[in-house]
Amino acid sequence: GNSVTQMEGPVTLSEEAFLTINCTYTATGYPSLFWYVQYPGEGLQLLLKATKADDKGSNKGFEATYRKETTSFHLEKGSVQVSDSAVYFCALSDGTGANSKLTFGKGITLSVRP
Amino acid sequence: DTGVSQDPRHKITKRGQNVTFRCDPISEHNRLYWYRQTLGQGPEFLTYFQNEAQLEKSRLLSDRFSAERPKGSFSTLEIQRTEQGDSAMYLCASSNSGPETQYFGPGTRLLVL
Chain S
1 GNSVTQMEGP
11 VTLSEEAFLT
21 INCTYTATGY
31 PSLFWYVQYP
41 GEGLQLLLKA
51 TKADDKGSNK
61 GFEATYRKET
71 TSFHLEKGSV
81 QVSDSAVYFC
91 ALSDGTGANS
101 KLTFGKGITL
111 SVRP
Chain R
1 DTGVSQDPRH
11 KITKRGQNVT
21 FRCDPISEHN
31 RLYWYRQTLG
41 QGPEFLTYFQ
51 NEAQLEKSRL
61 LSDRFSAERP
71 KGSFSTLEIQ
81 RTEQGDSAMY
91 LCASSNSGPE
101 TQYFGPGTRL
111 LVL
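Chain order of the listed sequences is S and R. Quick note: the first sequence uses the working numbering, first residue 1, plus one each step. Quick note: the second sequence uses the working numbering, first residue 1, plus one each step.
Since the hints were derived computationally from the structure, they do not count as laboratory data. This one's a predicted model, so the numbers in the text were calculated from it and none came from an experiment. Check before you lean on any hint, since a few could be wrong.
A few chain R residues that face chain S, going by a derived Cβ cut-off under 7 Å, partial list only [to be verified]:
| id | residue |
| --- | --- |
| 1 | Gly16 |
| 2 | Gln17 |
| 3 | Phe104 |
| 4 | Pro106 |
Anything over 10 Å on all C-beta distances counts as not near chain S; from chain R, calculated [said to hold, decoys possible]:
| id | residue |
| --- | --- |
| 5 | Arg31 |
| 6 | Glu56 |
| 7 | Glu83 |
Chain S regions said to be covered by chain R (calculated; three or more residues, Cβ under 8 Å) [to be verified]:
| id | segment |
| --- | --- |
| 8 | 55–63 |
| 9 | 102–114 |
We treat Cβ as the ideally placed atom computed from N, Cα and C, and that holds for glycine.
Kindly produce the complete structure, drawing on both the sequences and the hints.
What follows is the structure, given as C-alpha cells:
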C-alpha cells in the first residue's frame with residue numbers, strides 16, 4: 001500500500017537558517033504530493049503541492065520538487081523565520097482511483113529560535 | 001468564513017458512552033473525508049463520501065463507528081460504546097472531484113475517560 005516516510009524530528013533552527021525536511025514515499029501509480037502545515041492551535045493547512053514528476057510546488061518561500069526517480073518530495077526554505085515554527089506533514093494522494101484520500105507521514109515539529 | 005467547520009471542538013466522555021461529531025464542508029465541495037489523528041502521528045483516513053454516497057471505509061473504522069452524509073452537505077460521525085483507544089483528534093476535510101486540494105476543519109478532540 002501507499003506510505004510516506006518523514007525524517008525524525010524535532011528540528012530546531014536559528015532564524016534565517018536554511019531548512020530541509022526530507023520526505024520519501026511509496027505508491028502505486030502516479031500520486032500527487034503535498035506538504036501540509038499545522039501552526040500551534042490551528043488546523044491543517046495546505047502549504048504546497050505537486051501533481052506530476054518534476055513539478056515544483058512553492059508557497060511562502062517554501063519549495064519542494066516531485067522527484068519520481070528518488071520517490072522524494074523534500075521541503076526546503078532558504079531562510080526560516082520564527083513564524084515558521086509549526087508541525088509539517090508530507091502526504092500523498094493516490095491518483096489512480098476515484099478516492100483521493102491522503103496518506104500522511106508522521107509529521108515533524110520545527111522550532112525556530114530568534 | 002466559508003471554510004470547513006466542525007462541532008464540537010472538544011468532547012470528554014466516559015467509556016461506553018456514544019458520541020456524535022458534525023462536519024460542515026465548504027458548500028460547493030462534493031467530496032468529504034474523515035480522518036483520525038493520534039498524538040505524534042499524522043492523520044489516518046477513516047472514510048470518504050462523494051455527495052451522499054459513502055464510497056470507502058478504512059479497516060480502522062470498526063463496527064462501532066458509523067458516518068452519514070444524508071443530503072450530500074454536512075456529515076456526522078458517530079462512535080458507539082466508546083473505548084479509551086478512541087481518544088484522538090477527528091478531522092474532517094472537503095474537496096471537489098479529482099486530485100483537488102483537501103481543506104481541513106479544525107478538528108474535534110475526543111477524550112474517553
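The hint names Phe104 (chain R) as touching chain S; please verify it with the least Cβ-Cβ distance against 7 Å.
Hint holds; Phe104 (chain R) Cβ to chain S Cβ min 4 Å, cut 7 Å.
With a cut-off of 8 Å between beta carbons, are at least three residues of the segment 55–63 of chain S near chain R?
violated (count 0)
Minimum Cβ separation between Glu83 (chain R) and chain S greater than 10 Å?
Non-interface label stands for Glu83 (chain R): nearest chain S Cβ at 23 Å, farther than 10 Å.
Is the hint on Gly16 (chain R) kept, meaning its closest Cβ partner in chain S is under 7 Å away?
With Cβ-Cβ at 29 Å, over 7 Å, it is violated.
Taking 8 Å as the Cβ threshold, is the statement that the segment 102–114 of chain S is covered by chain R upheld or broken by the three-residue rule?
holds (count 6)
May I ask you to check that Arg31 (chain R) keeps its beta-carbon over 10 Å from the closest beta-carbon of chain S?
Arg31 (chain R) not clear of chain S: closest Cβ-Cβ about 7 Å, inside 10 Å.
Assertion that Glu56 (chain R) lies farther than 10 Å from chain S (Cβ)
violated (5 Å)
Gln17 (chain R) as an interface hint toward chain S, with CB separation required under 7 Å:
violated (26 Å)
Does Pro106 (chain R) meet its interface restraint, that is, does its C-beta lie within less than 7 Å of any C-beta in chain S?
holds (4 Å)
The structure fails hints 1, 2, 5, 6, 8 (numbered hints given earlier, in ascending order).
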